[in-house]
Each structure stands twice: as C-alpha cells, then as structure tokens.
Amino acid sequence: MTGIAESGGVLRFLTRRRNEGRIHWTDVATWMWLISGLILMFGPVIWLGLSSLKTRAALTEFPPTLLPLATKEVRVEGFANPLPLFVVKLEDGTERELAQVRRVGIRARMVDPADPTKTFDVPIEARTAVREVSPAWENYTEPLQRFAFVRFFGNSLFVTIVATIITLIVNSMAAFALAKYQFRGRGAIMAFIVSTLMIPLSVILIPLFMVINGLGLFNSLWGVILPTVATPTGVFLLRQYMLTIPDEMLEAARMDKASEWQIYWRIILPLTAPALAVLAIFSVMWRWNDFLWPLIVLSRQELFTLQIGLSSFAGELNVQWHYVLAMTFVTMLPVVFVFGLLQRFITTGIAGTGMK
Amino acid sequence: MHLLLAPVRWLMHLIGVPLGWVQRTFGMGGMAAVFLAPNLLVFSVFIVFPIGVNVWYSFTGGAALFPAGRVFVGTEQYDLLLACDSYLDPFSCRQDRFWKGVHNTAFFVVAQVAAMVAAALITALVLNREIRGRGFWRAVFFFPVLLSPVVVGLMWKWILLRDGALNALLVSLGYQRIEFLTDPQWAMFWVIFVSVWAHLGFYALILLAGLQAIPHDVYEAAKMDGTPAMRVFWRITLPLLWPTMLVVLVLASIRAVQVFDDAYVLTGGGPGTATFFIVQYIYETGFAGAARNLGLAAAASMLMALVLVVLTLAQLGITAWRDRQEGKR
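Protein chains in written order, with this note's numbering: chain W, 1 to 356; chain Z, 1 to 329.
Treat the hints with care, since some could be wrong.
[What the hints assert, rightly or not] Taking CB as the label site, the calculated pair distances span: (1) W/Ala-129 with Z/Gly-270: 34 to 40 Å; (2) W/Leu-333 with Z/Gly-135: 20 to 26 Å; (3) Z/Tyr-175 with W/Arg-131: 23 to 29 Å; (4) Z/Ala-106 with W/Arg-344: 48 to 54 Å; (5) Z/Asp-96 with W/Ala-57: 41 to 47 Å; (6) W/Ile-35 with Z/Asp-96: 44 to 50 Å; (7) Z/Tyr-175 with W/Arg-75: 39 to 45 Å.
[Said to hold, decoys possible] Looking from chain W toward chain Z, a few residues come up when the C-beta cut is under 10 Å (computed): (8) Phe-42; (9) Arg-184; (10) Thr-328.
Calculated from the structure, these hints are not laboratory results. It should be emphasised that the depicted structure is a prediction, and the values quoted were computed from it without experimental measurement. In this text, a Cβ means the ideal position worked out from N, Cα and C, and glycines have one as well.
Produce the entire structure from the sequences given, and follow the hints as far as they go.
Written out as structure tokens, the structure is:
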C-alpha cells in the first residue's frame with residue numbers, strides 16, 4: 001500500500017513542481033472528473049429512490065418535483081373526508097389558506113378550515129395547492145401483496161444461494177485435484193477448462209435449451225442453476241490460491257492417516273477461505289443479476305426470478321411505473337448492501353483476477 | 001457458528017465413508033478422478049456437449065427440438081443468413097434483421113469500446129492520483145458494475161422518457177424536449193452511454209492495477225529531468241500501460257459483441273431495429289414468437305462464436321505476451 005501512496009505522491013509532485021502552492025490544471029481536471037462522476041453515478045440511483053416514493057399522480061407531472069410531494073389535506077368540521085388545502089389569492093388581494101370542498105368547472109368552492117361557516121367561490125387559477133413531503137410507501141407494500149414479488153424474491157434467493165454453494169464445492173474440488181495431484185493429462189484438463197472461457201452462454205443457447213429439456217429441467221429453478229455452477233474462472237482462481245499452500249502440510253496429514261477427503265475439507269478448504277470468499281461474492285452477484293438464461297428456461301410466472309419478473313412487469317403495455325420503480329429499488333438493494341459491506345474485497349478481487 | 005457448522009461436518013463425514021473406500025481401492029489416482037468428476041461432468045453436459053450439438057443444429061432444419069428429429073439440410077441455414085446483394089445494406093439481405101443486428105453490433109462494439117477505454121483510462125488516472133478519500137471515489141465509479149442489467153435499463157429508461165428527468169432539465173434550461181428513446185440515433189447513443197456507465201468501473205479498476213504496477217523509479221527519473229505532466233503521460237505512462245490497455249480493449253470487445261440485456265430492457269431493440277443486436281436476433285429467432293427456427297438461430301450463433309473465439313485467442317496471446325514483458329522488466 002505504501003507503494004501506491006508513493007506513486008501518487010510522485011505524480012502530485014510531478015504535476016505541482018513548477019508552481020509550488022498554486023493549483024495546476026490537472027488538479028482542476030481531476031476534481032471536475034470526480035464531481036461529475038459522483039453526479040452521474042449516484043444521480044440516477046438517487047432519482048430512482050426519490051421517484052419510487054411518489055404517488056402515481058405525482059409521477060405523471062412534468063416537470064417532475066425533486067421530492068415526493070402530495071397535496072396537504074386537512075380535516076374540516078362538518079365534512080366526512082379530509083379536504084385538500086390550497087393557498088388562494090382572494091379578490092381583495094389577500095392570500096389565505098383554504099380547503100377545497102368541490103370543484104365545479106373553472107370555479108372552486110372553498111372553505112376556511114378555521115371557521116367552516118365561511119365559504120368562498122373562487123376561480124381555479126387563483127389557488128395553488130399546499131404541498132408537503134409525503135412518501136408513498138404503498139408503492140412498496142402494495143406490489144408485495146398484489147403481485148408475486150415475494151415469490152420472485154424467494155426464487156432469486158434460492159437460485160443465488162444454491163448455485164453459489166454448489167459453485168464453491170464443485171470448483172474447489174476440481175481446483176484441489178489440479179493443484180495438488182500429479183497425474184497424466186493434468187495439463188490437458190486445465191487447458192480444457194480454461195478454453196471453455198471462449199464459449200459464453202449466449203453462443204450455446206439453443207443446444208443448452210435442448211439439454212435442459214432433455215433432462216426435464218425446463219421450467220425448473222435447477223435448470224437455471226446447474227449450467228452455471230462450473231466456472232472456469234472459479235477453478236483457475238482457486239487453483240492459483242491452493243498452489244501457495246505448502247505440500248508439507250498435506251504430507252504431515254497423510255502421516256497422521258488422514259484420508260484425502262479429510263485433507264480436502266479440513267485443511268485445504270479452511271486455508272483457501274479468502275479465495276472462496278472472492279468467488280462467493282462474484283457468484284452471488286452473477287446469479288442474482290442473471291437475465292438471459294432464466295428468461296429462456298423459465299416460462300411459468302410462479303418460477304420467475306426477480307430480474308425476469310421485473311422486466312416482464314415493466315414490459316407490460318400499460319407500465320405501472322410507481323410499482324416498477326419501487327421494485328427496481330428493492331431488486332437493487334441486496335447487491336448494494338453486499339457491496340457496502342465487502343467493497344474492499346470486491347475491488348481488490350477484481351483487480352487481482354480480472355474477472356467479472 | 002459452531003452449531004451452524006455441525007451439520008456440515010456431519011455431512012462431510014458421511015461423504016468421506018464411500019470416498020475412503022475409493023481411496024483404498026483405486027489409490028490417489030482414483031481420488032483425483034473423484035475430485036475432478038463433478039466439475040468435468042457439468043462442463044461436459046452443459047458446455048462441451050452443447051457446442052457439438054450447436055454445430056449439428058446449424059446444419060439442420062425443421063421444428064423438432066431434439067437432434068434426432070431434425071432434418072439435415074447442409075449449409076442451407078448459412079446460405080440463408082449470408083444471402084445478401086450487398087453486405088453493406090442490411091435490407092438487400094434475405095435475413096435483413098440479422099444483418100441489421102450485425103451492423104448495429106459492429107457499430108456498437110467500435111463506439112462503445114472506444115468510449116469505454118477512454119473513460120476508464122481517465123478514471124484510472126484520476127484515481128491513481130493522491131486524492132482525498134480514494135477508496136470512496138473508487139467505490140463511486142465501481143458500484144454500477146454490480147447492478148443487474150434490468151435495474152440499469154429501467155433506471156435509465158425512467159430518466160430518458162419523454163416526461164423524464166433529463167427532458168425536465170432541458171426544458172428548464174430553455175431547450176426543446178428530445179425523444180431520447182424513440183429517435184433512432186439518440187436511442188443508440190443512450191444504449192452506448194448506459195453500457196459504458198454500467199461497466200466503466202470494472203475496466204477502470206484493471207487499468208488502475210496496471211498503473212500501480214508501473215515502477216516508481218521511471219517517474220523519479222522524469223521528475224529529475226523536470227518533464228511536464230502531459231509528456232510524462234504520453235512518453236512513460238501510456239507505453240508502460242499499453243499491455244494492460246490491450247487486455248482491456250479485448251475484454252471490452254468480447255463483452256460488447258454479446259450486448260443484449262441492458263439494451264433490451266432500455267429500448268427493446270427499438271425504435272424499429274435501431275438498437276437491435278445479434279444476440280437479440282438469436283434469442284428471438286430461437287425462442288420468441290411463433291416462427292421459431294432453431295437451425296437458423298444456431299447458425300447465427302456459430303457466426304458470432306467465430307468472432308468471439310478470434311477475440312479470446314487474441315486476449316490469451318496478449319496476456320501471455322504481457323506476462324513475458326513483465327518478466328523481462
């Protein structure tokens with residue numbers, strides 16, 4: 001880490017050398033890039049969050065307001081329902097806060113909330129709504145009751161967790177064999193596994209669909225999970241890590257009559273924990289975000305993952321944006337949460353392995 | 001934690017019983033096979049076998065899903081895909097949507113990769129400077145990488161709609177509204193922009209690692225000579241970063257060729273076929289709609305695979321070359 005700080009220091013020294021103390025153009029450019037990056041990267045997410053709390057009516061407003069606003073309502077004696085509150089410019093030029101009883105054409109009948117006996121008849125242009133921040137939490141609660149979002153969430157959770165566990169086991173076993181055993185064809189198998197990197201899923205969609213059908217896994221969450229569990233990057237990453245574990249440890253365990261399986265799960269797995277953690281994080285991210293393959297394997301709505309459910313919901317003819325935005329935000333949350341916790345792990349993992 | 005691990009331990013013991021027998025009977029070689037088996041099984045069934053089948057599919061016709069029921073038609077599917085009066089004009093082709101997809105994808109790859117590499121390089125250079133809160137800034141540029149394409153697509157769609165936030169900004173600045181998603185050129189621009197937005201942080205991180213691997217003494221020497229910042233960049237940073245740049249270039253290209261999901265959610269391939277890409281052609285030809293044509297979709301995916309294999313081999317070659325370069329240093 002000191003090396004990084006040093007090189008940064010050197011660069012700064014380089015750029016500032018001539019005019020010590022004065023701001024160099026590269027400093028200005030740096031901060032302009034950072035600030036515009038901040039706005040551009042976070043802006044959409046914040047806008048999504050704010051919009052997701054607006055009522056359906058507020059979402060159709062143009063220009064939109066920044067905060068989720070709704071017309072303030074007051075209870076007035078003698079009226080069963082709360083009445084919307086307006087600031088009204090009266091004919092004598094004074095302004096008063098009045099509640100609207102009803103609107104008739106271009107006129108509105110208003111009442112003074114403090115004194116319900118006083119009523120006013122004003123043109124509608126003379127009044128402006130009194131608005132207050134009021135988040136429409138029902139955007140979040142209603143879809144949970146009316147649509148199958150809890151189900152989609154559960155499906156996504158199942159796929160993510162099960163696929164990640166199987167990924168860790170299957171890949172660590174293979175990596176162990178490739179790192180710690182001498183056998184004929186080891187190099188060939190390694191080359192074979194790495195070469196499958198060349199063929200992404202989008203190339204073999206059709207035959208893979210046939211295989212899944214042949215195995216009876218069409219419209220099954222296992223059909224989403226199984227083709228993804230053996231990742232060449234996973235094997236490669238774990239093997240590189242296991243190579244650093246000294247063979248003497250394994251030999252010592254064998255002296256103590258430990259079986260190979262015991263060596264694998266009692267010695268190798270615990271010692272590989274950091275690499276397993278990196279792979280687990282990536283697996284969770286991949287599986288949670290998968291789109292194209294689940295789209296093909298799952299056609300029954302009750303099996304949809306969150307991503308498929310959300311996109312089909314947003315693709316409907318009459319998009320209910322107030323629900324779509326809220327559910328998009330919910331879909332994003334787990335990933336953001338994981339990232340917040342494990343930021344350092346993730347960024348160093350990517351920089352170290354170049355995988356994504 | 002202890003209680004949580006107890007069933008795991010028990011399960012591992014249980015698996016160990018038959019494996020102990022395998023070890024006694026077949027020795028270490030047998031155990032190697034046991035450890036490799038699950039992985040190789042998955043690879044064979046879900047990757048290698050499908051690759052073989054894909055080749056067969058691309059030479060067959062008919063509506064049957066399983067290979068046995070399909071009719072061998074020779075190169076008919078390829079002939080159909082490649083039947084064009086002029087490859088420069090998609091509408092002169094029999095499969096005009098495929099060629100529209102090819103053209104769009106080619107344009108997307110060139111524009112997106114160029115924009116991506118430029119933006120990622122600037123970001124990496126900025127993050128490599130001694131700035132306050134570097135970890136925070138790195139996270140700012142990186143976090144969209146983790147978002148799902150559906151979330152990214154919907155989030156930007158909401159901003160770019162006719163009544164969206166961006167148009168509100170334009171109107172408040174006194175400009176006319178722009179139909180960002182229904183104007184073909186704007187739609188393509190935003191598909192490129194959004195995909196750069198979503199993946200920028202990943203490539204910036206790789207470049208940042210590359211920047212930090214540049215030995216300091218080179219900069220020290222430049223400092224002694226009083227070299228200006230721009231010349232340090234062109235003469236030192238860029239040449240030494242070039243191997244990493246090449247890796248980023250190829251990685252970004254491989255991903256760009258497969259563009260589908262975020263674009264699909266953002267524009268649905270539209271307006272018309274303005275943002276219609278090859279993967280969407282494969283998906284729609286093979287799976288969506290009434291007229292499924294698996295053979296044609298397989299042939300199209302074979303053509304795309306060809307491009308990807310070339311790109312991947314290039315990447316492997318470059319990585320090996322870079323490692324040699326670094327070995328020399």
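(Q) So, as I understand it, the hint says W/Arg-184 touches chain Z; can you test that by seeing if any CB pair is closer than 10 Å? (A) holds, 9 Å
Q: Just tell me: holds or violated, for the beta carbon distance of Z/Asp-96 and W/Ala-57 against 41 to 47 Å?
A: holds, 43 Å
Q: Given the hint of 39 to 45 Å, check if Z/Tyr-175 and W/Arg-75 actually sit that far apart at their C-beta atoms.
A: holds, 44 Å
Q. Holds or violated: is there a CB of chain Z closer than 10 Å to the CB of W/Thr-328?
A. holds, 5 Å
Q) Would you say the C-beta atoms of W/Ile-35 and Z/Asp-96 sit inside 44 to 50 Å of each other? A) Cβ of W/Ile-35 to Cβ of Z/Asp-96: about 45 Å, so the range 44 to 50 Å holds.
Q) Close enough to count: is the Cβ of W/Phe-42 nearer than 10 Å to one in chain Z? A) Cβ of W/Phe-42 sits 7 Å from chain Z, so the hint holds.
Q. Do W/Leu-333 and Z/Gly-135 keep their Cβ atoms within the hinted range of 20 to 26 Å?
A. holds, 22 Å
Q | Outcome of range test on Cβ distance (Z/Ala-106, W/Arg-344; 48 to 54 Å) | A | Given a distance of about 39 Å, which is not inside 48 to 54 Å, the answer is violated.
**Q.** Hint check for Z/Gly-270 and W/Ala-129 - Cβ pair distance inside 34 to 40 Å
**A.** holds, 37 Å
Q) Should the hint that Z/Tyr-175 and W/Arg-131 are 23 to 29 Å apart at their CB atoms be regarded as holding? A) holds, 27 Å
Checked against the numbered hints above, the structure violates only hint 4.
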